[in-house]
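**Student:** Quick mapping for you: the protein sequence lines, in order, are chains A and B. Per our numbering: the first sequence = residues 1 to 115. Per our numbering: the second sequence = residues 1001 to 1110.
Just so you know, not all the hints are guaranteed correct.
To give a feel for the contact side, a few chain A residues facing chain B, derived at Cβ under 8 Å [claimed, not checked]:
hint: 1; residue: PRO39
hint: 2; residue: LEU43
hint: 3; residue: LEU45
hint: 4; residue: THR48
hint: 5; residue: GLN51
hint: 6; residue: GLY52
hint: 7; residue: GLN104
hint: 8; residue: HIS105
hint: 9; residue: PHE106
hint: 10; residue: GLY107
hint: 11; residue: ASP108
Hints in this document: simulated from the structure, not taken from any laboratory. All C-beta atoms in this analysis are idealised placements derived from N, C-alpha and C, irrespective of residue type, glycine included.
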Amino acid sequence: SAVISQKPSRDICQRGTSLTIQCQVDSQVTMMFWYRQQPGQSLTLIATANQGSEATYESGFVIDKFPISRPNLTFSTLTVSNMSPEDSSIYLCSVVGQGSNQPQHFGDGTRLSIL
Amino acid sequence: GENVEQHPSTLSVQEGDSAVIKCTYSDSASNYFPWYKQELGKRPQLIIDIRSNVGEKKDQRIAVTLNKTAKHFSLHITETQPEDSAVYFCAAKGYSTLTFGKGTMLLVSP
Chain A
1 SAVISQKPSR DICQRGTSLT IQCQVDSQVT MMFWYRQQPG QSLTLIATAN QGSEATYESG
61 FVIDKFPISR PNLTFSTLTV SNMSPEDSSI YLCSVVGQGS NQPQHFGDGT RLSIL
Chain B
1001 GENVEQHPST LSVQEGDSAV IKCTYSDSAS NYFPWYKQEL GKRPQLIIDI RSNVGEKKDQ
1061 RIAVTLNKTA KHFSLHITET QPEDSAVYFC AAKGYSTLTF GKGTMLLVSP
């Protein structure tokens, strides 16, 4: 399966600031997603990152708060804007490889704490 | 949209016992059902999946069964080992994206 690298792995940020998380895959993938996982909780889809166009956001998530880029088939970024303590969470990149019936895999995640 | 219910939320077994985790889904159009294992502080890892044209799939000590009529699917782990201790998530996929259950914390005691 594809190797998914996320940076940074963790960060501590001040409220009101923004942080950009990078997701790099070692091979071209069809789909790229961003998830949020709060402590002890399940995985919540933030958005689908679309190559060359605006991301598709799930209910409760908006572009102004979570701008996403996907300039090519191997790279995407998620920005968490104007952070507050409620944004403290793990953010995970997830991908589906090219080809039919490919499974979905996750990166190691970015553990974000807001002070 | 899709809704996935997962039970139990916690499961404690003795080493060597079997463990069963059950999920139900709401959207009859869902056709792909993966299971992920997440150890503490680690990424969710795909351990087995099943598609709607198959009723059962096995991989060594792990098996998944699917009942499309009843819209439920289950994960079976036999001969459990302490290293099976983790949180397990089921998911269902219909048109485009995965919907996850809330997870089951499995604790295997030596």
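**Student:** Run every hint past the structure and note whether it holds.
**Tutor:** We went through each hint and held it up to the structure:
1. Interface restraint check for PRO39(A): the shortest CB-CB distance to chain B comes to about 11 Å, outside 8 Å, so the restraint is violated.
2. At about 5 Å, the closest approach between the beta carbon of LEU43(A) and any beta carbon in chain B falls short of 8 Å, and the interface hint on this residue holds.
3. Look at LEU45(A): its Cβ gets to within about 6 Å of chain B, closer than 8 Å, so that hint holds up.
4. Among the interface hints, the one on THR48(A) holds; its C-beta lies about 7 Å from the nearest C-beta in chain B, closer than the 8 Å criterion.
5. With a least beta-carbon distance of about 15 Å to chain B, the hint placing GLN51(A) at the interface is violated under the 8 Å criterion.
6. The beta carbon of GLY52(A) is not positioned within 8 Å of any beta carbon in chain B (closest approach about 18 Å), and the interface hint is therefore violated.
7. Satisfaction of the interface hint for GLN104(A) is found here, the shortest Cβ-Cβ separation to chain B being roughly 6 Å, below the 8 Å cut-off.
8. Hint status for HIS105(A) relative to chain B: holds, with the closest Cβ pair at about 6 Å, below 8 Å.
9. At a threshold of 8 Å, the smallest CB-CB gap from PHE106(A) to chain B is about 5 Å, leaving the interface hint in force.
10. The interface hint given for GLY107(A) is met, as the beta carbon of that residue sits about 6 Å from the closest beta carbon of chain B, less than 8 Å.
11. Nearest Cβ of chain B to the Cβ of ASP108(A): about 5 Å, under the 8 Å cut. The hint holds.
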